[in-house]
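J.: My request is simple: use the sequences and hints to build the entire structure.
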Amino acid sequence: MPLSIKNLPKEEILLQPGHAACPGCPIGIGLRIVGKVLGKRTVIVVPACCTSIIQGPYPYSAIKVPLVNVIFAASAAVASGIASAFEAMGVRDVNVVVWAGDGGTADIGLQALSGAAERNDNIIYICYDNEAYMNTGIQRSSSTPYKAWTTTTVTGKQEFKKNVPAIVAQHRIPYVATASIGYPLDFAEKLQKASKIKGFKYIHLLAPCPVGWRFDPSLTIEVGKLAVLTGLWPLYEVENGVFRLTSISLGLLDKSRRVPVEKYLRLQGRFKHITDEDIKVYEEYVDQLWEVLRKLHGKKIV
Amino acid sequence: MPQYKILTGNYAVAYGVKLSKPQVIAAYPITPQTTIVEKLSEFIEKGELKAKMLRVESEHSAIAAVIGAALAGARTFTATSSQGLLYMHEGVWMASGARLPIVMAIVTRAIFPPWNIWTDHGDLLDQRDTGWIICMVEDNQEALDMIIQAYKIAEDERVLLPVMVGLDSFILSHTATPVEVPDEDIIDSYLPAPGENIHYPKISFENPLTYFNLVFPDNYMEFRYQIQEAMNRAKRVVMEADMKYYKLVGRRYGGLIETYRCTDANIVVVSMGALTGDVKEAVDRLRDEGYNVGALKLRFIRPFPEEELKKELLHKKLVIVIDRAISFGKGGILYTEISSALYEGRFREIPVIRGYVTGLGGRDITVDDVITMVERLITRLESGTLTHGWEWFKLRKEVVE
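Residue numbers (our numbering), protein chains in the order written: chain A, 1 to 302; chain B, 1 to 401.
Calculated directly from the structure, the hints in this document are not laboratory data. Some hints here could point you the wrong way.
[What the hints assert, rightly or not] Calculated cross-link-like contacts (lysine-lysine; reagent style DSS-like; alpha-carbon spacing at most 30 Å):
| id | chain 1 | residue 1 | chain 2 | residue 2 |
| --- | --- | --- | --- | --- |
| 1 | B | K247 | B | K317 |
| 2 | A | K10 | B | K21 |
| 3 | A | K196 | B | K247 |
| 4 | A | K198 | B | K21 |
| 5 | B | K202 | A | K40 |
| 6 | B | K202 | A | K64 |
T.: This is the structure:
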């Protein structure tokens, strides 16, 4: 049965009102979906990131499932330990979930992520990617896109974004997917699929940050949609090695249906300094990306 | 009936772990620790130990994985040395801050650079502020026994702190000696069943908790205070664990320290780890020559046995502390800590405390060396020229001059 918003519980399973997220923050939206799909028997492992603050300070917490805050570089390893203990002690029907930012995934946490993926440990790893170190004040990460302003790349980043889902897919794990906060049902379906698979599952969730990307807090979903509609952030999954575009991205193989990338870039203050030349680089990047995606779609790639 | 086996220190550790029945083990290879994990893997693959083994990609992940497993309620074990221990460091702090009864064997080894794989206590002593209970063993039998006792101490509800059990690389880790392996059912009656009667709030879906979230300055200090209080309570628990073990197994080690021919001695040599065996023999030989010398083995570095040391040492004439590690810019680490304990609240009537820093990076310290160390100081003591302080021993000055 395809998932619809009506199938998801009305009750807030994971994140309660009163949390400390900024207005328009995508993390609250993401966590609510995680709770509604995965249910109460879910453990969340969180490295240092915005979610460390959003959950609220001791002795309070806005989180209604077990949540473990851990050292920055080690979230995948802690999750592996929890999953192993459950297995050893016969605790069944649980989801052990890492909820980590792009810094904790693409940079400092990449080694532990790769280790847990290679071992095919039974966890769901979700990277919510706001494309910089937002919690410490918008510093560049390896997941920050080309030419984006951050407080450590004041004239724009010179390098392209690291492709973490592609790296993780090369570990031959049962399930890898991308998602965007702009398409919550696509994310929910992927979570549901991941929860039914044994082994290592990875979901890379694009999470537009109004504060760090410099857009109005009312536009979070809009920006999350445009990232996909321009073709910059393709929605796909790699299930048992087979690559497949999903949801709205399925229709974007036809270039004429893609929104010009400029529309996405111009909406965000972090790109306000970019030139026509930079936009051309982005357009070429998107075209090349979709040539590759056309070849991958429907094929066994690992 | 207990079995007698010829075991290296590392295998003795592995047998101790097997008898303690951990449910999750995570480790990463590093010389000279590797044979512990190899033996444990063998036990698991042969079905002699029912545990899940996580062969992680780094020591940082090894400590992280056992933290996760312990929080989920499992009994856990890991082991490392030197660089691996330093790489774990933030996880070492997390384990104690999280109050998880993890047991970790540390095969003490010198720190890079330059590369050196031989014994040196710098790696273990670097951990002394982390909130772990830290002990060091003298021989392979004590290595096996202390792994088992470590679980008893760590899991006690008055303690709930992780424990490191240190053993000297190669001198113990790779040297085989006869070791008595206790009966499984005896150890089953000594330790609680793994994963049961847990005295900390493990992960639960009925009582979901948020662990280790942000704490403001008005609450942080109290978490630290509770660790210090647990350390203080651990002193008694260490004694109780030793006595209960003695009643069931027939061996005891004396708790935080062990003394040898100290009662009537006016000179006491303090040491830690395998070197203590040589010190005891040196004491025997010095006694034969008419010197009133005794030996004191420091078994626990944390909690630090201040009261025990004061009781044994304050009325002596001379205390000689042999350090196999140095705190650069200060001196011998045990020398400094023992001086601090003996000076505390007193400004006179304390013995002369004299330290040696020696044996770094595995430089051999023999019984004859210990005799030389003692005799050298006796001469200076008798001529009235000996004062508090420390010096190098067996340093090849010609190499650096």
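J.: Indicate, hint by hint, whether the structure satisfies it.
T.: Okay, the hints, checked on the actual structure:
no., hint, result
1, B/K247 x B/K317, "violated, 36 Å"
2, A/K10 x B/K21, "violated, 44 Å"
3, A/K196 x B/K247, "violated, 51 Å"
4, A/K198 x B/K21, "holds, 27 Å"
5, B/K202 x A/K40, "holds, 16 Å"
6, B/K202 x A/K64, "holds, 15 Å"
Hint compliance for this structure: hints 1, 2 and 3 are not met, and every other hint is.
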